[in-house]
Amino acid sequence: MKIAITSTGNNLESKLDQRFGRCSYFVIYDTDNEGLEFIPNPNKDVSEGAGPAAVQIVASRNVRKIISGEFGMKIKSLLDSLQIQLIMLKDTDKSVSEIIQMLKN
Amino acid sequence: MSRQFRLRRISNPPAITGFKPYGNNINGNKSSVIFLHLEEYEALRLCDFEMLDHWHASQMMGVSRPTLTRIYSKARKKIAEAFVLGKQIIIEGGKIYFDSDWFSCKDCFCFFNNPSKQQEIKECPLCGSINFLNYQQAFQEPEESLTRCNDVCVCPTCGFETPLKFGCPCKDEICSHCGNHLIRKGIPY
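So the sequences go chain by chain: A and B.
Just so we're aligned: 38 in our numbering is position 56 of the first sequence, and the numbers increase by one with no gaps anywhere.
Position in the second sequence counted from 1, then plus 174, gives you our numbering.
Cross-link-like lysine-lysine pairs, in silico, DSBU-like; alpha carbons within 30 Å at most:
| no. | chain 1 | residue 1 | chain 2 | residue 2 |
| --- | --- | --- | --- | --- |
| 1 | A | K86 | A | K(-3) |
| 2 | A | K72 | B | K296 |
| 3 | A | K(-16) | B | K280 |
| 4 | B | K296 | A | K(-16) |
| 5 | B | K280 | A | K56 |
| 6 | A | K(-16) | A | K26 |
| 7 | B | K280 | A | K72 |
| 8 | B | K269 | A | K56 |
| 9 | B | K194 | B | K251 |
| 10 | A | K(-3) | B | K296 |
| 11 | B | K269 | B | K194 |
| 12 | A | K56 | B | K296 |
| 13 | B | K194 | B | K248 |
| 14 | A | K(-3) | B | K280 |
| 15 | B | K280 | A | K58 |
| 16 | A | K72 | B | K269 |
| 17 | B | K251 | A | K72 |
| 18 | A | K56 | B | K248 |
| 19 | A | K58 | A | K(-3) |
| 20 | A | K56 | A | K26 |
| 21 | B | K194 | A | K72 |
| 22 | A | K76 | B | K296 |
| 23 | A | K72 | A | K86 |
| 24 | B | K296 | A | K58 |
| 25 | A | K76 | A | K56 |
| 26 | A | K72 | A | K56 |
| 27 | A | K(-3) | A | K56 |
| 28 | A | K72 | A | K(-3) |
| 29 | B | K269 | A | K58 |
| 30 | A | K(-16) | A | K86 |
Hints in this document: simulated from the structure, not taken from any laboratory.
Here the structure is a predicted model, which is why all the values come from computation and not from measurement.
The following block holds chain B by itself, in its conformation from the complex (with noise of 0.2 Å):
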């Protein structure tokens, strides 16, 4: 059995969970979504936006230099499939952790950490909020209201039902019953 990845250290948060293309030509049919993990964005970040050398990237991640290479190229390889196909790019995911508890404001907009771990945060110390977002959560468990769905698929031809799975497009899935392509109930198509 190969070793265990070794974690990677997330210092910065995206301010953004993902990007989506608009024009005319969007490959819509397929499921084009890109996943780019966090270790990636933070390694693209690292090497372009901070502009750092591989190997004081590597230092910051808690990784070597040639695996921050490898991640980084993968990053690379993600954003270009994307551009070039017209696909969405959803940032989430990777084995990773936070040099410490991240947590952003949905009314004031500001990122703030948790340096006493024993404390729990109640409110955003900026505005006294209480709509905050904790990035560890977040990131690493999906929030419940983005996963719980409760539509449905039905078969246009015999009226088979079957609930939607997160993630999965009704256009996807196929009836067991007559082998047709299943749509989401209550849309007209």
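Bound conformation, chain A alone (with noise of 0.2 Å):
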């Protein structure tokens, strides 16, 4: 199954990004194969539109679950449809290999 995270940066030791739609980057990680990939998000930078797009970037690589802060409200029935579970971390200053140990146990 795969995971999508929001980070800030390319790395693992990167923090959780609060916002969805315009994150730094997206990592998706297998929980499989415990493979990882960094994808950088097109539409850090847009002024509308962002949540939905990035909908479609993480749902082309079959994510069955999102971690982020935040998402906005564009966002939630479009995942409701796609059957793509919404877990909110608010406030956190975890990274993201922190959540990537969580998910393991």
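The two chains are supplied separately, each in an independent frame; assemble them into the complex guided by the hints.
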């Protein structure tokens, strides 16, 4: 199963990005083979529609769960129809590697 | 008979269940609690935190624009009253539904939803803890541990005893035999 995590940088020590649509990087973590993929977000600085575009990016990689700080209002209904689970971690300074460690346990 | 209220849609459950005042001049004698309904919390969140205008907020909550404005002004009035009179705010109740099933984990403090309604959630998807809370159940029927209370109110003069009603402090109850105010049993006054 693949899980998307929003990240502020392109390494494992970077922190979880609190925004979903305008995060710096998406980390796609595969629980089956523990593979990692960093995808830079092309919609980081757009003024509108960053959320749905980000959903397209992660949905094209068959992600089943998304971990982020906050999700915008356009996204929730979209992800519900795609059967993708949202996980919100508010006000945290956990790094990507710490979150992956939590997922393994 | 009037038409029934349209259910208000809530998209974000509140992170906390209330606020408590502090300071010396708290009006502690009367039952000083204000119940802020979830729909009022949501209206306040949409209008003042997400900075939406009333029309967009009303679309988010699935009600008409005048209704949203009424809910919003009620929320403002309640919060102002709590601030001015130093009352406690408890966020609960209201005619609402959640746009999807929301859960919160008590161990890693994350929020998550359940996109496939057929499957039941058995553990937190992040840390695997089984210590999580379903918001829908938590807000629509209060937790059993909260409503069940084995304490007894007793009359200090004649010893009349009655079980404590949840949410009604003993000092507000009056003894049916001698008319005195009751006190909580086992707590010295």
